[in-house]
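Visitor: Each chain is listed here by its residues.
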Amino acid sequence: MRYILYKLATFVATMTLVSIIIFFVFQLLPGNPAHIILGIEAEQAQIQQLEQELGLDKQATERYVDWVTGLFQADLGESLKYQLPVSDILVDRIPVTFSLGILSILLTIIIGIPLGILIARTKGKWISVVLSIMTQLGIAIPSFWFGFILILVFGVILSLFPTYGYVPWSEDFFGALRALFLPSLVIAISNIAVIIRYLRNTILDQANMEYVRTARCKGLTERKIMYGHILRNALIPVITILGLTIADTLGGSIIIENVFALPGLGNLLIESISSRDFPLVQSMVLYIAVLVITINFIVDLLYKVIDPRIRAKG
Amino acid sequence: MKKKLFIAFLLVFVIAFVLVGCSNSQNEEGKDANAAKPETKEATGSSVVRIAMSTEIDNLDPYKSAATDTGSMMDNVFDGLLDTNPKGELVGAIAKSYDISEDGLTYTFTLNEGVQFHDGSELTSEDVVASYETLAGMNGGEPIVAEFAVIDSIEAPSDYEVIFHLKEKNSAFLAANIVAIVPSDYEEQSSKPIGAGPFKFEAYKVGQELRLVKNENYYNHEKIPQIDEVQFKIMPDQESSVLAMQAGEIDVLPGVTQQGLTQLGDSINTVSGPQNMVQLLALNNDVEPYSDLKVRQAINLAIDKDTIIDTVSEGNGTKLGSNFSPAMEFYYEPGLEDYYATNIEKAKSLLAEAGYNDGFQMELTVPSDYQFHVDTAQVIAEQLSQVGIDVEIKMIEFSTWLEDVYQNEQYDTTIIGFTGKLDPYKILRRYVNDYERNFVNYDNEAYDELIDQALRATDEKDIAAHYKEAQRLLTEDAVSVFISDPDRTIAMSNHLEGLNMYPIQKFNLEDLHYTE
Amino acid sequence: MKKSQSIPWRIGIVLVICLMTMMIISFFYTPFGPNEMNTGSRLEAPSFSHPFGTDNFGRDILSRVMQGAQTAFLIGTSSVFIGLMFGFILGASAGYFGGWVDEIIMRFIDAMLAFPGILLAIMLISVFEPGLKNTIIAIGIMSVPGFTRIIRSSFIQYKTYDFVKASVAKGAGALRIIYHHILPNAFSPILVAATLSFSGAILGESGLSYLGLGVQPPDPSWGRMLKEAQPFIVTAPWYVIIVGVIITMMVLGFNLLGDGIRDKQDTKA
Chain U
1 MRYILYKLAT FVATMTLVSI IIFFVFQLLP GNPAHIILGI EAEQAQIQQL EQELGLDKQA
61 TERYVDWVTG LFQADLGESL KYQLPVSDIL VDRIPVTFSL GILSILLTII IGIPLGILIA
121 RTKGKWISVV LSIMTQLGIA IPSFWFGFIL ILVFGVILSL FPTYGYVPWS EDFFGALRAL
181 FLPSLVIAIS NIAVIIRYLR NTILDQANME YVRTARCKGL TERKIMYGHI LRNALIPVIT
241 ILGLTIADTL GGSIIIENVF ALPGLGNLLI ESISSRDFPL VQSMVLYIAV LVITINFIVD
301 LLYKVIDPRI RAKG
Chain F
315 MKKKLFIAFL LVFVIAFVLV GCSNSQNEEG KDANAAKPET KEATGSSVVR IAMSTEIDNL
375 DPYKSAATDT GSMMDNVFDG LLDTNPKGEL VGAIAKSYDI SEDGLTYTFT LNEGVQFHDG
435 SELTSEDVVA SYETLAGMNG GEPIVAEFAV IDSIEAPSDY EVIFHLKEKN SAFLAANIVA
495 IVPSDYEEQS SKPIGAGPFK FEAYKVGQEL RLVKNENYYN HEKIPQIDEV QFKIMPDQES
555 SVLAMQAGEI DVLPGVTQQG LTQLGDSINT VSGPQNMVQL LALNNDVEPY SDLKVRQAIN
615 LAIDKDTIID TVSEGNGTKL GSNFSPAMEF YYEPGLEDYY ATNIEKAKSL LAEAGYNDGF
675 QMELTVPSDY QFHVDTAQVI AEQLSQVGID VEIKMIEFST WLEDVYQNEQ YDTTIIGFTG
735 KLDPYKILRR YVNDYERNFV NYDNEAYDEL IDQALRATDE KDIAAHYKEA QRLLTEDAVS
795 VFISDPDRTI AMSNHLEGLN MYPIQKFNLE DLHYTE
Chain A
831 MKKSQSIPWR IGIVLVICLM TMMIISFFYT PFGPNEMNTG SRLEAPSFSH PFGTDNFGRD
891 ILSRVMQGAQ TAFLIGTSSV FIGLMFGFIL GASAGYFGGW VDEIIMRFID AMLAFPGILL
951 AIMLISVFEP GLKNTIIAIG IMSVPGFTRI IRSSFIQYKT YDFVKASVAK GAGALRIIYH
1011 HILPNAFSPI LVAATLSFSG AILGESGLSY LGLGVQPPDP SWGRMLKEAQ PFIVTAPWYV
1071 IIVGVIITMM VLGFNLLGDG IRDKQDTKA
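Chains as they are written, first to last, in my numbering: chain U, 1 to 314; chain F, 315 to 830; chain A, 831 to 1099.
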């Protein structure tokens, strides 16, 4: 219980810090949103008028207080560029990035865990070496380049997958799956390598443990030892690693959504940073940060539930 | 053990196959609906054209939107009193004719009868008056269209006649009348825009697509669209959109590069031509050493524009000599593009005369968002190094560029492209000394005088003569290095044709049709 | 058994040495000037005079790749140095002193970890401006949380060891203990983290370049070259493939190196 309270306190502290970082960073961005919205042809008078309409003539601190009080009333403010409530815009975007993230984590698990086991089992054999170098290649390829190659091979040459775009799940389940398959694979590929490396090491560690030798002495089959004992223990830390990859997955989506023209958060984020759409960008960054912190918080708790040996040593 | 692993892998492959399988059957259905060759068109009864756009829509309301791309998409939903033809000449649209009084102060527009908005209501002079009152800022606030600040009063003697009284003569007023007319009492333009154009707004999915459907009741019966539906797809990455077109998932790709064309091969039709843009290396005339005419001339002599066009635009561009593109033929002063024919020796001696025997360091600020300008900067850096000018390229985001360079004029040199305008005044006003957007800080009374005379003149020929003279001054004073008007190429799948090039970014989708 | 295990490590060493040699040679010799344009020979396929072909400005790709290795190693080492320096200060203080110092530092690190690395870098570069120096700083800051965590945990671990406790009892100063007892032991995990962070920096630079926020032209950087090569993926595929492969080799080399060091250390322990 004390552990949970402690974790809760750190959770709150981190959130506060995050909001302060977001605020300060975006205060420093050069550029005038009104001018950016109106573009190169705008007259000075038009810009000033728009500044007033958007409330940009207010003091920065005043705007910040407005924003934070708004947050507590579940009001994220209004986008400068789209002149729509931020929450309306995000409602459209979040499902895309969310689906991308879920699918890429699923791919990570489906591909990463069996491969990791295989590499550990075949330790010392050539197949293990080849497989680990191949997974390492996955991590080493710049993601946007890999994305292009996948589009070229699977989209254009083989025309197995669409080259761009997003289909809502409610409209067409398989269509959505197809549209998201390649981009999720690109994001998953580096996480897969991380999982494999980790899994291989823990399995090998566990294999040398006392209890495995005991089990072997008891005459249990290798298979039973592997799945009944080693794997159960080896998979626990994998949960933590998956939690840690959440941030990478969201980060990866920033670039990959651009390559595959997916209308998700990452795509919008790049765009609203360059258009200096402060209310939108602040809310999005805050949303991503909250998501990452919350998931890690949950993972911490889960870890605690699964493996009670862990004490509150951080 | 191995068996299980094998099964796991098999499962992954099966899933992938199922995906591909479903997709293929769907793909075929999809292709039937979308590929829309004439025969399939008859089979399904509707034709859809998908167009890739690289930027997001900023606002559906034509009075709130400022982005060029948004304007060119929504231009199909809205019509103005006038419109432009591919040559840049003004033609009637909602107005069937107009008349300008002798003194140039009264403009009378006669409207077409029976023009309907998309909601079925009739467009009358009342809507025009209401639209213009908003645009001219007569209901309070700044004018949305700067040229309309000159309007003194508007009257509507009948349902089909509108008269504008101007405060003073202004030859720039007429071209501004291509702006959208909207229903007078309609409040939802930002979510469900309604206009009188050839296409009706159907749906907009933020960040994904804008869907327009054909307006069967378009007042110009000859121009009722032949395409049933248009989908603008938002695709931020240029190379991805070329790949999408190659895969047959995009039918029209505006602004494709030469590389893209080679990649697409002969599966496409293209139209291409100058886009009335001016790409220039702007020199800040207020900053040393660019305040020195000799230095500016030396830079002009050292830069080989042909090489820039060959390298950066793959040869598809028009060399310029002044801040004006031949796309606007009537106002264009020919012959200036070779005024500073590349001459390294002469450039060096001019630099020596100006006291820069050893050259100098030049800071070249480039908006990083535009690869085209970044590439141009690299070529210019290489060329200027031959006369001893050491160019340091400084990249900044376009948002920062707007503030630091354009607004606050905190720069030495920069590269930018000014997009086309229908009105020469809007193009050449940039160099009038007291104009706040004169960011190169050109200061020449003779020039200001010429522009003012052009604005006050009523005779088309006089107007053109003044503008031509002004262009010559810009060249002689080597105000900046005016590089080129890069061609714009629109690629269409080879079963489509009919799009034209305009001196402004415009898609005449009403003319798009299937080849026989 | 042992032999096959060390194969990835050997591959890593070979890759890194090859690329390093290339970088060192580039200081003295490149076949052509890396920024020298020859518009007459644009996008030429690999040939005897241009083994890697030429780019869209007619520049020799081999010379640019060689020169780009300097940029890559500069970005890699400097950003690792920045990350390591701040990571060490933060991680060592948190791990050694513990208590509220640890608490404050770790909350700060948690806050940084809440932003995906690339997002943090984009934010930083938007505030300053794109360019080599700021790319290095942004990528360096990106790697601070990782270093802090690793250094902190090795400090916590070794602090509990008897030989450290013994020297504390003998009244040795904090710096002395850190220098003589903790550092030598923490060295190899730090080295592993440094090699991995080096390859992360190379990938980070290419991601930033894709978004137009990386190193300024015309100086060759691999990330920028990869982005500039992208439009020619079908018409001049060698350009994008060569640059992509070089980046991949560099990242792979350092990753395998890092893994190798880790494995050796595991077998030792």
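To be clear, the hints were calculated from the coordinates, so they are not data collected in a lab. Glycine included, C-beta positions come from ideal geometry on N, C-alpha and C. Take these hints with a grain of salt, some might be off.
The calculated lysine-lysine pairs, modelled on BS3-like cross-linking and capped at a C-alpha distance of 27 Å, are [what the hints assert, rightly or not]: (1) F:378 - U:58; (2) F:506 - F:401; (3) U:125 - A:989; (4) F:410 - F:775; (5) F:378 - F:820; (6) U:304 - A:1094; (7) U:123 - A:1094; (8) A:1000 - F:708; (9) F:820 - F:740; (10) F:481 - F:410; (11) F:782 - F:740; (12) F:410 - F:519; (13) F:608 - F:378; (14) F:820 - F:735; (15) F:537 - F:608; (16) F:483 - F:708; (17) U:7 - A:989; (18) F:775 - F:735.
Just a few of them, taken from the derived set where beta-carbon distance is under 8 Å, the chain F residues facing chain U [to be verified]: (19) 522; (20) 558; (21) 563; (22) 683; (23) 686; (24) 717; (25) 718; (26) 721; (27) 724; (28) 748; (29) 750; (30) 769; (31) 812; (32) 815; (33) 818.
Visitor: Now tell me if each hint is right for this structure.
Guide: Hint check:
1. Proximity of residue 378 of chain F to residue 58 of chain U is assessed by CA-CA distance (about 22 Å); at most 27 Å being required, the pair is judged to hold.
2. Under the criterion of a C-alpha separation no larger than 27 Å, the hint pairing residue 506 of chain F with residue 401 of chain F is inconsistent with the structure, at around 32 Å.
3. For the suggested pair residue 125 of chain U and residue 989 of chain A, the alpha carbons sit about 39 Å apart, so the restraint of at most 27 Å is broken.
4. Proposed proximity of residue 410 of chain F and residue 775 of chain F is supported: the alpha carbons are some 24 Å apart, at most 27 Å.
5. Of the supplied pair hints, the one linking residue 378 of chain F and residue 820 of chain F holds, its CA atoms being roughly 18 Å apart against a limit of 27 Å.
6. Between residue 304 of chain U and residue 1094 of chain A the alpha-carbon distance is near 31 Å, which puts this suggested pair outside the 27 Å criterion.
7. The hinted pair formed by residue 123 of chain U and residue 1094 of chain A meets the criterion: a straight-line CA distance of about 15 Å does not exceed 27 Å.
8. Using a Cα cut-off of 27 Å, the hinted pair residue 1000 of chain A and residue 708 of chain F is violated, with the two alpha carbons roughly 57 Å apart.
9. Only pairs whose Cα atoms come within 27 Å are accepted, and residue 820 of chain F paired with residue 740 of chain F is accepted, the gap being roughly 18 Å.
10. With a C-alpha separation of about 25 Å, the suggested pairing of residue 481 of chain F with residue 410 of chain F holds against the 27 Å cut-off.
11. Distance restraint check for residue 782 of chain F and residue 740 of chain F: the Cα-Cα separation of roughly 14 Å lies within the 27 Å cut-off, and the hinted pair is therefore satisfied.
12. Restraint check for residue 410 of chain F and residue 519 of chain F: not satisfied, since their Cα atoms lie roughly 35 Å apart, outside the 27 Å limit.
13. For a cut-off of 27 Å, the pair hint linking residue 608 of chain F to residue 378 of chain F is broken: about 45 Å separates their Cα positions.
14. With a C-alpha separation of about 11 Å, the suggested pairing of residue 820 of chain F with residue 735 of chain F holds against the 27 Å cut-off.
15. With a C-alpha separation of about 54 Å, the suggested pairing of residue 537 of chain F with residue 608 of chain F is violated against the 27 Å cut-off.
16. For the hint linking residue 483 of chain F to residue 708 of chain F, the alpha-carbon distance of about 44 Å lies beyond 27 Å, and the restraint is violated.
17. Distance check on the hinted pair: residue 7 of chain U and residue 989 of chain A sit about 24 Å apart at the alpha-carbon level, within 27 Å; holds.
18. A threshold of 27 Å between alpha carbons decides the hint, and for residue 775 of chain F with residue 735 of chain F the separation of about 19 Å falls inside it, so the pair holds.
19. Annotation: residue 522 of chain F was flagged as interfacial toward chain U, and the flag holds, the nearest CB pair being 5 Å apart, inside 8 Å.
20. At about 4 Å, the closest approach between the beta carbon of residue 558 of chain F and any beta carbon in chain U falls short of 8 Å, and the interface hint on this residue holds.
21. Interface restraint check for residue 563 of chain F: the shortest CB-CB distance to chain U comes to about 6 Å, inside 8 Å, so the restraint holds.
22. Here the hint on residue 683 of chain F is kept, as its CB sits about 7 Å from the closest CB of chain U, short of 8 Å.
23. The beta carbon of residue 686 of chain F is not positioned within 8 Å of any beta carbon in chain U (closest approach about 15 Å), and the interface hint is therefore violated.
24. Because the closest C-beta pair between residue 717 of chain F and chain U is about 5 Å apart, less than 8 Å, the hint holds.
25. At its closest, the beta carbon of residue 718 of chain F sits 7 Å from a beta carbon of chain U; the interface hint therefore holds under the 8 Å criterion.
26. Against a cut-off of 8 Å between C-beta atoms, the interface hint on residue 721 of chain F holds, since the closest Cβ of chain U lies about 6 Å away.
27. The criterion of a C-beta within 8 Å of any C-beta in chain U is not met by residue 724 of chain F, whose closest approach is roughly 11 Å, and the hint is violated.
28. Contact between residue 748 of chain F and chain U, as hinted, is not supported at the beta carbon level, the nearest pair being about 12 Å apart and thus beyond 8 Å.
29. The interface hint given for residue 750 of chain F holds, since its Cβ lies 5 Å from the closest Cβ of chain U, which is under the 8 Å cut-off.
30. Annotation: residue 769 of chain F was flagged as interfacial toward chain U, and the flag is violated, the nearest CB pair being 16 Å apart, outside 8 Å.
31. Because the beta carbon of residue 812 of chain F sits about 25 Å from the nearest beta carbon in chain U, more than 8 Å, this interface hint is broken.
32. Hint on residue 815 of chain F is violated. Least Cβ distance to chain U is approximately 21 Å, over the 8 Å limit.
33. Evaluation of the residue 818 of chain F hint against chain U yields a violated restraint, the C-beta minimum of about 12 Å exceeding 8 Å.
Checked against the numbered hints given earlier, this structure breaks hints 2, 3, 6, 8, 12, 13, 15, 16, 23, 27, 28, 30, 31, 32, 33; the rest are met.
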